[in-house]
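Could you build the full structure based on these sequences and the hints that come with them?
There are 2 protein chains.
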Amino acid sequence: MRQPNASTKGTIYGVGLGPGDQDLLSVRADRLVRQAEIIAFFRKTGRSGQARQIVNGMLADKVQEISMEYPVTTEISISDPLYNKLLSQFYTDCTARLQAIADRGKDVVVLCEGDPFFYGSFMHLYERLKHNNTVKIVPAITGMSGAWTATAAPITWGDDVLTVLMGTLSEDVLIKNIANADAIVIMKIGRNINKVRNALIAAGRFEKAWLIEYATMPNQSVQLLSEANLEVTPYFSIIVVHGKGRRP
Amino acid sequence: MRQPNASTKGTIYGVGLGPGDQDLLSVRADRLVRQAEIIAFFRKTGRSGQARQIVNGMLADKVQEISMEYPVTTEISISDPLYNKLLSQFYTDCTARLQAIADRGKDVVVLCEGDPFFYGSFMHLYERLKHNNTVKIVPAITGMSGAWTATAAPITWGDDVLTVLMGTLSEDVLIKNIANADAIVIMKIGRNINKVRNALIAAGRFEKAWLIEYATMPNQSVQLLSEANLEVTPYFSIIVVHGKGRRP
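Protein chains in written order, with this note's numbering: chain A, 405 to 652; chain B, 405 to 652.
Rather than coming from a laboratory, the hints here were simulated on the basis of the structure. It is possible that part of the hints are untrue.
Identical copies look the same in the list; a pair holds intra-copy or inter-copy alike.
Derived lysine-lysine pairs resembling DSS-like cross-links, with alpha carbons at most 27 Å apart [what the hints assert, rightly or not]:
| hint | residue 1 | residue 2 |
| --- | --- | --- |
| 1 | 612 | 534 |
| 2 | 466 | 540 |
| 3 | 466 | 612 |
| 4 | 648 | 489 |
| 5 | 510 | 592 |
Printed below as a string of structure tokens:
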């Protein structure tokens, strides 16, 4: 059986969808999603998946949908070697599914929340696909940009330093980085909220920290972190501390 | 003479245009720009202005264009108090022009390169307008997102720390921040390129630093900084050093 050569292969698109509002997709992403014959997206087992939800109502009637369901839950610690092994096998399997589509000469649009190259899951497929396939990335508005816009105040001024941190970092590392920064964004908070709160207090930036949940979505909420009494934040929550730079 | 009340005032839109490619405007920005009766934009005297250039061919036939021309050039040092005084007066004048439009009950779309709340000039008008006018911000794809997408490699993985720095910072501050970061973005390079180069070398991150000029634009260029022999970089250049986080 003849292998299709590179020129007859389909293209795999990693399409950033932005922070959540359909109106904030780029013109290119909007066109690719609406015209797609085949889409793929990550989701947790039993969930509809945030990326898939964003494009509700935009898809062609006969679109083929490929859901890629994470094999692990938060029950397994990310420091567990089993976690990495399971995830690595999962990404390899997803890669094979996408390659099979491209080998049939078909394009596939992979839906990505936020910006694909900024802390996204698609990059794990991208690294496995890029040598043998045509992969095109469509950048997008980041979730953090949706969050700071929701606060109705600029995040950075003049020569402010912006530092972006994950709530999964250790408290010591968080404190050191928060103390050095002017403007701060903290993502992946979830069950790390108490650690993050303590780090902001220790570094003297707690009072002006904002918690944004579901930025740009219908259920968006914006409040001072000091007024949020939470033991866990939703997955789509971001903490923002504004910069303090020169302002003529 | 009766003052128009708030409900009859027009809306002032701060519309992010993204990194430069028209196809990367958001659906909302695209619609606002195409439907605008009045647009406004910053530019240097004698230049066409980058924001205005991005929307070439998109504007309504009878659109009214308001150019806001910076009163200062790079001849004046930003540490000079005269610079701040001139700029402050300029922003106050621009604010008055936009308010006069809103007072006539007309909307105005202010074109902003990149994302308005991320190191943008519009925020200086926003802070002056927000108390007495309805100002709506449309977030956008940042210039740095266009730049890292152009490198064809993810900027951040796992729990990488991302630090965004301006080339206008002192060499010491640059070195300290570069040494602490995983992934790095440096903007506002221009005549600071030698200082930035020295800081990257001193902090041990020079070898894998990329220089992206005119990201997402027809004249886009991507090269290792170590292979770029420049004494000054164009205004639309960004340095990117990719993160090195966990990758299953």
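message: Within, between, both or neither: how does the pair residue 510, residue 592 come out at a Cα-Cα threshold of 27 Å?
response: For residue 510 and residue 592, neither the intra-copy (34 Å) nor the inter-copy (42 Å) Cα distance is at most 27 Å.
task: With 27 Å as the alpha-carbon cut-off, assign the pair residue 466 and residue 612 to within, between, both or neither.
output: Close neither inside one copy (49 Å) nor across copies (45 Å); limit 27 Å.
task: Please work out whether the CA atoms of residue 466 and residue 540 approach to 27 Å or closer within one copy, between two copies, in both situations, or in neither?
output: within (23 Å within a copy, 37 Å between copies)
query: Checking residue 648 and residue 489: alpha-carbon separation at most 27 Å within a copy, between copies, both or neither?
result: For residue 648 and residue 489, the Cα distance is within 27 Å only across copies (19 Å; inside one copy 43 Å).
message: At most 27 Å between alpha carbons: which applies to residue 612 and residue 534, within, between, both or neither?
response: between (42 Å within a copy, 20 Å between copies)
Hint compliance for this structure: hints 3 and 5 are broken, all remaining hints hold.
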